[in-house]
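Protein sequences appear in the order of chains A and B. For the first sequence, our numbering begins at 1 and goes up steadily by one. For the second sequence, our numbering begins at 1 and goes up steadily by one.
What the hints contain is simulated information worked out from the structure, not anything from laboratory work. Please read these numbers as outputs of a predicted model, since none were measured by experiment. Treat the hints with care, since some could be wrong.
Stated by the list, open to error - Each pair of labels, with its calculated beta carbon distance range: (1) B:Thr300 <-> A:Glu199: 49 to 57 Å; (2) B:Asp284 <-> A:Val175: 33 to 41 Å; (3) A:Ser53 <-> B:Asp284: 33 to 41 Å; (4) A:Tyr311 <-> B:Asp230: 53 to 61 Å; (5) B:Gly33 <-> A:Asp32: 53 to 61 Å; (6) B:Thr300 <-> A:Gly183: 25 to 33 Å.
For each residue, glycine too, the CB sits at the ideal point set by N, CA and C.
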Amino acid sequence: MLSYVVRRLATAALILLGASFLVYLLTASSGDPLADLRASNAPNRQQLMDARSQLLDLDTPAPLRYFKWLGGAAQCLVPFAGNCDLGKSVTGQPITEALGIALIQTLTLVTGATVLAILIGITLGIVTALRQYSALDYGVTFMAFLFFSLPIFWVAVLLKEFGAIGFNNFLRNPVIPLPVSLGTGIVLGVVVAVAVGGEIKRRLISGGVVFALVTAVMVYLSATLWFKTPGLGPVVIGIAGVGMAFAVTTLVSGLKNRKALQSSLIMAGLGVISWFVIQPLLAQATGLMIFLLAIGTVLVGVGVGYLMGGYDRGQSMRAAGITAFLVGGLVVMDRFMQAWPTYFNNSRVRGRPIATIGAGTPNLQGDYWILTIDTFTHLILPTVALILVSLASYTRFTRSSMLEIMNMDYIRTARAKGLSERAVIMGHAFRNALIPLATIVAFDIGALIGGAVITESVFSVHGMGFLFLDGITHIDPNPVMGVFLCVAITAMVFNLVADLAYSALDPRVRIKA
Amino acid sequence: MSQPTQEEVILAQQAQHEAAPGPGAENQGLSQGQIVRKRFFGHSGALVGLAVFALIFIMAFTSVGFAGIPGWWKYNHVDVSPLINDGVPSASLWPLAWGEHPFGQDRIGRDLFAMTMRGAQQSIIIMVIIGGIAGLIGAVVGGLAGYFRGWTEAILMRLTDVIIIVPVLLLAAVVAQMANRRDADSWFAGFAASNGVVVLGIFLGLVSWVGLARLVRGEFLTLREREFVDAARISGASNARIIFKHILPNAVGVLIVNVTLTMSAAILLETALSYLGVGVKSPDTSLGLLISQNQEAFATRPWLFWYPGLFIVAICLSINFIGDGLRDAFDPRQKKFRAKKAVETVRHSSETAPAVPAASGPAPAGDTTPNSDPGEG
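With these hints in hand, go ahead and build the complete structure from the sequences.
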């Protein structure tokens, strides 16, 4: 095992050396770094050219320059020495510093999108696998292929036009026309009717209920101008909390486990009470506090589940913990909505909240809520675009993995010994279907650091992809090398992690040491 | 150097499944090619994809002409003609009309239909070149590594690892720079100046074979351990004969399917590179370049943005569907006809045993049936 890891790491280091040499030479030979100065008419042209030659050490031939660079980069391997030197960019900024800034930008952009895409993709994949060859399956398959075929820059421009400009115009006078309400209701009703499965009558009833509910809610939102002053309030939180308690219990333990259901319902009730109690505390919120509160909430849920017990204490704890987290999320969301009018009328935002470019409104002043909303409104379009294009592979992969598992003998055994369909799917099929996904997710996390070059350039986010592209256009090897190193190292490490995780999760796969 | 990567494990499992005899309908003495063809033409999505792609292909190559042969459309992608009706598209579905400029005109009066067709041509050319080169190199490298193992495999696979982590964007930028150098002192600059698209396609093909090579290697690794290969070797067949007569025909399914998928990814890659300014350059045009040039004009001339984008999506989508159909056709585990069988079996079993618990939700059709396939289970 250990010798396997060591051997893999040694190979990776050799590959990295070869590839980095190649990348350095390619970047250096891709053009003339002084081209813009040669074309300029500035009187001190020669001095500028000399200064840049000096800064980038252009008098040394590129292969030798690589080894100089390698000498600096090798110092990064010494821990805590602090003399890590990856060179400087054309503007004279140290690469280590630029990388730090870009990494934060990229991670805020890509992390949320990746997590959401994985969650939605797995859910869709499982649902379509369970409803194989149904209208829903065909619909989702077609959508997956469609999204898979979309160029992201095209999606981005469409999103900017309809998601940002259109929605901002709508927010000026948030009245939803009746046909739109009816249309949305019909579409969602049909989707639910198709997704539910079973007899026609059951489908029609579910679809009809959803249609009526959605249309009524939209008419209500329009009539009260809800989008001007959004909010949930304790009543909505209470109703939604009870609904979540039932849904979570159904998935985690089945409604037959009364103790689990009761602990979840207790958490929904506690959530409503906490809404009243916690408001003054939330007024002075910070990111750390919200994080601690989230952990505390889950712990309270797990504690309640433990105290309630039941024939399977673990199930109660899990159900209550998840419900607590979701209801807590609703309370926080309500607080964000309370801050919305202030943000909306801010002089910097001027009533057009959904931003099309950048990572934040410049010079925006405000408390935690205002600033976080600002980040969200800037992130929403790139996130949606990234989710759309990366959703397809997760959906297809989960679906095929789940289908394969559902045809296994042990699933038949589980059914034969009389387990409920829920227990078969959640307990036996779902967990095993996730094993091959673990490797895909590990690969994607490895690729995450590289950022999304095109998304970043369309939405003007100055992350890793932007740094890389900028380095290429200015024929500046140092930023390119910096980004390349980060990406390649994470990719290789996560490749190794993926292989190790696979053999840990699936005992049939053995690593030959 | 025998590291069981995940691909190999999956392929090994696949091989186990493949070893099982197929369902009854396919045991009627059909050859492998006939079975595959029959399955492919039974896949409606793939057929629609094929039809759409053929339509776009014919339209793109006949309308504005290709390689000096004139087409039937009256404009080409560089002609400037006076603006008619401010360049609004004249094509309409109702009443069905084609008109002077069906997709409209851009700001200076170039015909968008001609530009889109030219762009589609370029994208298809690049796609085919990438698919061909990547398929060839991938098959050779993967096949050699998988068959001979040992040092050949170690060297070839480390080479693959190096190329797989070099960013494609960088290579494209280098190619773009070299093609742009108009000093014409080398044959390369001259060739690149006249055939920019071909050069771009060749270079992208030279870097996109790596995924294919890994898959083909995995396939060869499992196939070379099979009994029929042992039998061939014992009866004195040469390496070349074993590879070409015994292993390659069995690995060709994986190769074809993944070349198709590489091609659909290649279309998006080309458009993305052109969008970033390192792919196809003006005055020539491509679908990605058209979108990049016109995205600012979305508010005033949205058609400049819609038509090239729709063509990218249509080409890519049809290729993806063809690839999906091929995968179903080549993969014996994906049984297209199981759905009907499953429904019938459900019906049958619910007649004999009506007390299906309704409370836990009706079981999905494909899952509850005992596997009707004699080979599995």
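Broken hints, numbered, in rising order?
2
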